[in-house]
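Participant: Just need the whole structure built from these sequences, with the hints factored in.
Take a look at the letters that make up each chain.
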Amino acid sequence: MSTNGREITYGEAGVEALREEMARDESIVYIGQGIGPRGGNFRQTRGLWKEFGDHRLRDTGICELGEAGLAIGAAMAGNRAIVDEVFLDFVLEAMTQIVQQAATIHYLSNGKIKVPVVIRGSMGSVRNAGAQHAHAFYAWFAHTPGLKVVLPSTPYDCKGLLKTALRQDTPVMFIEHKGLYNLKGNVPEEEYLIPFGQAVIRMAGTDVTLVAAGRMIHLALEAARALERDGISAEVIDPRTVAPLDRKTIAESIRKTGRLAIVDEAPASCGFSGELFALACEEAFDSLDAPPRRICSQHVPNPFSPVLESQMVPTVEKIVAEVRAMVRG
Amino acid sequence: MQRAVSEEIDVELGLKLYHQMLQLRDFELKVQELYRTGIMPGFVHLYIGEESVAVGVCASLEKSDLIYSTHRGHGHALAKGVPGREVMAELFGKRTGCCGGRGGSMHMYAPEYGFMGTNGIVGGGIPLATGAALSAQLRNSGQVAVSFFGDGAVNSGSFHESMNFAALWNLPVVFACENNLYATEMAFRRATKNTSIVSRASAYGLDGVEVDATEVTDVYHAAKKAIDKARSGGGPTLIEFKTYRFVGHHEGDPGTEYRTKEEVESWKQRDAIKKLREKLLSSDQADQASIDRIHAETESWLEDAVQFAKSSPNPDPSTVLDHV
Chain A
9 MSTNGREITY GEAGVEALRE EMARDESIVY IGQGIGPRGG NFRQTRGLWK
59 EFGDHRLRDT GICELGEAGL AIGAAMAGNR AIVDEVFLDF VLEAMTQIVQ
109 QAATIHYLSN GKIKVPVVIR GSMGSVRNAG AQHAHAFYAW FAHTPGLKVV
159 LPSTPYDCKG LLKTALRQDT PVMFIEHKGL YNLKGNVPEE EYLIPFGQAV
209 IRMAGTDVTL VAAGRMIHLA LEAARALERD GISAEVIDPR TVAPLDRKTI
259 AESIRKTGRL AIVDEAPASC GFSGELFALA CEEAFDSLDA PPRRICSQHV
309 PNPFSPVLES QMVPTVEKIV AEVRAMVRG
Chain W
2 MQRAVSEEID VELGLKLYHQ MLQLRDFELK VQELYRTGIM PGFVHLYIGE
52 ESVAVGVCAS LEKSDLIYST HRGHGHALAK GVPGREVMAE LFGKRTGCCG
102 GRGGSMHMYA PEYGFMGTNG IVGGGIPLAT GAALSAQLRN SGQVAVSFFG
152 DGAVNSGSFH ESMNFAALWN LPVVFACENN LYATEMAFRR ATKNTSIVSR
202 ASAYGLDGVE VDATEVTDVY HAAKKAIDKA RSGGGPTLIE FKTYRFVGHH
252 EGDPGTEYRT KEEVESWKQR DAIKKLREKL LSSDQADQAS IDRIHAETES
302 WLEDAVQFAK SSPNPDPSTV LDHV
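In the order they appear, the protein sequences are chains A and W. Under my numbering, think of the first position of the first sequence as 9, with each following residue one higher. Under my numbering, think of the first position of the second sequence as 2, with each following residue one higher.
No lab work stands behind these hints: they were computed from the structure. Treat each hint with caution, since some may be false.
[Stated by the list, open to error] Cut-off 25 Å, straight-line C-alpha distance, at most; resulting in silico cross-link-like pairs (SDA-like, lysine to any residue):
hint, chain 1, residue 1, chain 2, residue 2
1, A, K120, W, G121
2, A, K256, A, I209
3, A, K120, W, E263
4, A, K120, W, K275
5, W, K269, W, S197
6, A, K122, W, P84
7, A, K120, W, F309
8, A, K120, W, L14
9, A, K120, W, Q138
10, A, K171, A, G138
11, A, K120, W, R96
12, A, K171, A, D254
13, W, K64, W, F189
14, A, K120, W, E63
15, A, K58, A, R32
16, A, K120, W, L322
17, A, K171, A, E199
18, W, K262, W, F189
19, W, K31, W, D11
20, W, K243, W, T261
21, W, K275, W, D11
22, A, K264, A, P299
23, W, K275, W, E300
24, A, K186, A, R237
25, A, K120, W, V325
26, A, K122, W, E63
27, W, K269, W, R96
28, W, K269, W, H296
29, A, K256, W, D323
30, A, K122, W, G82
31, A, K122, W, D323
32, A, K122, W, G143
33, A, K120, W, V123
34, A, K120, W, D323
35, W, K64, W, R140
36, A, K122, W, Q138
In this text, all values refer to a predicted model and were calculated from it rather than measured experimentally.
Facilitator: So this is what it looks like as structure tokens:
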């Protein structure tokens with residue numbers, strides 16, 4: 009990736025993407041709660057209201073269903089729209105509009121109606137916010153035909169993927185992670201886009217393939233560095249978009265390493281980790297030296313107590329232990 | 002809240018409204034007949050009895066205006082100008098249907114006529130229409146959006162959140178509520194304490210009008226006023242149309258378990274089509290010959306649509322993954 013050494017945060021990278029795209033495409037309207045003068049609960053629209061005004065930044069009360077429905081309706085009628093539900097948890101209030109309307113209409117209308125809408129909501133556990141502000145159910149959307157699902161993990165990806173999201177003709181779930189907004193990283197000054205469906209190999213290796221999305225990639229990388237000191241060489245893959253999924257890059261890696269371990273902040277049951285497990289069996293079965301392993305959150309709502317929540321979610325230590333057992337076992 | 006006053010209309014418009022209402026009625030009667038023979042797949046919810054609403058409202062809309070319909074939406078599609086051939090072919094799931102057979106009765110879209118969809122989800126189209134009105138305002142396009150929905154939608158969040166946004170942002174949208182008194186089998190009086198739908202407008206600070214939809218001229222004048230107001234920047238209106246479906250909720254439901262025969266019969270006596278015909282004839286505005294001509298034209302139009310649909314090819318199975 010090309011950089012000029014400039015470092016900005018994940019949150020700032022998203023704001024840059026919005027600023028560039030809203031300047032480029034006057035049809036973009038941004039609807040959401042607290043995204044005006046306040047600049048967003050996570051500062052995810054900081055400065056944009058002054059630049060683009062009330063007309064294009066539609067600050068709203070707390071009414072996620074209506075916000076989403078209006079954004080989808082505006083997108084169907086000739087605008088490009090972003091609806092910011094702030095937390096992925098709150099997106100659930102708008103599920104019927106997203107799943108039953110936005111996701112279906114391009115297909116059901118035989119391609120006659122475009123639905124260029126980005127639905128934004130931040131996932132995951134951070135600072136023990138408790139269950140109703142910490143869910144990780146991004147996979148529900150990947151299970152829905154007609155939705156694209158993006159989980160950016162770095163400032164560079166956040167900007168490039170958001171710009172790509174704002175050029176699609178069908179709905180995109182843009183799911184940031186709350187724990188990443190202050191993460192700094194290289195983001196070039198010059199314009200770039202990141203295509204959907206292209207995974208990136210964050211670390212090359214030969215003994216085991218580690219797949220993780222969103223914030224989990226950072227845990228996987230830390231675990232890989234620890235494993236390296238033990239003489240275990242892990243290849244770490246970030247899918248970047250869960251739908252479409254870059255099956256090819258992941259399958260090739262599994263065929264090379266013979267092992268797959270999946271790190272997922274969501275529970276294992278019927279989730280993305282199961283999808284990757286199936287991918288390994290469908291596309292690399294003859295290369296497998298061991299059954300794939302899943303390091304996922306346990307099947308409970310996020311408990312509040314830091315002690316309990318740490319027990320529930322994947323940690324670097326858990327990843328290292330599982331992978332070591334898998335390779336040495 | 003105000004009551005619409007019945008005003009007369011000129012004979013040309015009267016005959017046009019009569020012709021369109023008859024098309025909607027006969028189209029649905031034909032769908033009923035075809036569906037009962039088993040050659041039409043899926044489920045259909047017929048608009049029989051409510052034609053005056055779609056026709057009376059759409060008479061004041063431009064082709065570029067956008068309407069959002071319901072599960073009972075064939076009539077809205079026809080009234081907005083979608084050709085009968087394309088609607089009928091879609092009901093057969095044919096390649097020549099307005100959605101190439103992907104949508105069917107409850108997911109029928111024809112944006113080229115400003116028809117933005119029937120909808121399988123009660124209340125589902127209300128936020129979409131409101132969003133279209135936001136888009137029209139942002140683009141300064143002069144378009145008006147109309148959301149049709151029934152009494153079954155007005156206790157849902159979709160309705161209330163949309164009304165709030167429309168009033169707050171002064172959006173060019175008309176909320177056209179077809180209060181046919183029953184949501185599936187649930188009588189409106191059993192579903193809510195306050196049975197005046199129009200009274201809900203004031204809760205959000207927008208205008209509300211109540212209209213007896215058995216008089217299509219009342220529908221026409223109330224809708225025209227609301228549409229003109231929206232187009233000129235005057236904001237949204239909620240119109241409660243008092244109407245009735247003469248048939249069951251869906252084809253196959255006799256509609257008699259929760260409604261008395263007397264009630265159904267009393268509404269049939271006030272059929273908007275019959276009333277307009279009598280009005281046209283009694284006032285010497287039109288002669289029997291012109292009425293007969295409309296009936297004959299409607300019959301051949303419908304026959305053509307049915308033949309077109311029946312003889313059209315099915316979709317190519319290999320296209321199943323297109324457009325997702």
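Participant: So, for every hint listed, does it hold in this structure?
Facilitator: Evaluation of the provided hints:
For the hint pairing A:K120 with W:G121, the CA-to-CA distance comes to about 19 Å; that is within 25 Å, so the pair holds. Between A:K256 and A:I209 the CA atoms are separated by roughly 12 Å; this keeps the pair inside 25 Å, and the hint holds. With a C-alpha separation of about 45 Å, the suggested pair A:K120 and W:E263 falls outside the 25 Å cut-off, and the hint is violated. For the hint linking A:K120 to W:K275, the alpha-carbon distance of about 38 Å lies beyond 25 Å, and the restraint is violated.
Only pairs whose Cα atoms come within 25 Å are accepted, and W:K269 paired with W:S197 is accepted, the gap being roughly 23 Å. Distance check on the hinted pair: A:K122 and W:P84 sit about 22 Å apart at the alpha-carbon level, within 25 Å; holds. Straight-line distance between C-alpha atoms of A:K120 and W:F309 comes to about 22 Å, which keeps the hinted pair within the 25 Å bound. At roughly 32 Å between alpha-carbon atoms, A:K120 and W:L14 are farther apart than 25 Å, so this suggested pair is violated.
Taken as a hint, the A:K120 and W:Q138 pair is honoured in the structure, with Cα atoms around 22 Å apart against an allowance of 25 Å. Under the criterion of a C-alpha separation no larger than 25 Å, the hint pairing A:K171 with A:G138 is inconsistent with the structure, at around 31 Å. For the hint pairing A:K120 with W:R96, the CA-to-CA distance comes to about 14 Å; that is within 25 Å, so the pair holds. Distance restraint check for A:K171 and A:D254: the Cα-Cα separation of roughly 19 Å lies within the 25 Å cut-off, and the hinted pair is therefore satisfied.
With a C-alpha separation of about 34 Å, the suggested pairing of W:K64 with W:F189 is violated against the 25 Å cut-off. Only pairs whose Cα atoms come within 25 Å are accepted, and A:K120 paired with W:E63 is accepted, the gap being roughly 20 Å. Between the alpha carbons of A:K58 and A:R32 the distance comes to roughly 17 Å, so the proposed pair stays at or under 25 Å and holds. Between A:K120 and W:L322, the direct Cα distance comes to roughly 15 Å. Compliance with the 25 Å bound is thereby established for this hinted pair.
At roughly 10 Å between alpha-carbon atoms, A:K171 and A:E199 fall within 25 Å of each other, so this suggested pair holds. Between W:K262 and W:F189, the direct Cα distance comes to roughly 18 Å. Compliance with the 25 Å bound is thereby established for this hinted pair. At roughly 30 Å between alpha-carbon atoms, W:K31 and W:D11 are farther apart than 25 Å, so this suggested pair is violated. A C-alpha spacing of about 18 Å is found between W:K243 and W:T261, which places the hinted pair at or below 25 Å, so the restraint holds.
Straight-line distance between C-alpha atoms of W:K275 and W:D11 comes to about 18 Å, which keeps the hinted pair within the 25 Å bound. This hinted pair checks out: A:K264 and A:P299 have alpha carbons roughly 15 Å apart, not beyond 25 Å. Taking the CA atoms of W:K275 and W:E300, the gap is near 17 Å; set against the 25 Å cutoff, the hint holds. Straight-line distance between C-alpha atoms of A:K186 and A:R237 comes to about 30 Å, which puts the hinted pair past the 25 Å bound.
As the CA atoms of A:K120 and W:V325 are separated by approximately 12 Å, the hinted pair is consistent with the 25 Å bound. At most 25 Å may separate the alpha-carbon atoms for a hinted pair to count; A:K122 and W:E63 meet this at roughly 21 Å. The suggested pairing of W:K269 with W:R96 is violated, with an alpha-carbon distance near 37 Å, which exceeds 25 Å. In summary, the hint linking W:K269 to W:H296 is supported, as the alpha carbons are separated by about 20 Å, within the 25 Å threshold.
Between A:K256 and W:D323, the direct Cα distance comes to roughly 22 Å. Compliance with the 25 Å bound is thereby established for this hinted pair. Note on A:K122 and W:G82: the hinted pairing holds, with a Cα-Cα distance of about 21 Å set against a maximum of 25 Å. Restraint check for A:K122 and W:D323: satisfied, since their Cα atoms lie roughly 14 Å apart, inside the 25 Å limit. Distance hint between A:K122 and W:G143 is fulfilled; the C-alpha atoms sit about 21 Å from each other, no more than 25 Å.
For the given pair, A:K120 sits about 23 Å from W:V123 by alpha-carbon distance, which is consistent with the 25 Å threshold. With a CA separation close to 12 Å, the supplied pair A:K120 and W:D323 stays within the 25 Å bound. For a cut-off of 25 Å, the pair hint linking W:K64 to W:R140 stands: about 17 Å separates their Cα positions. Proposed proximity of A:K122 and W:Q138 is supported: the alpha carbons are some 19 Å apart, at most 25 Å.
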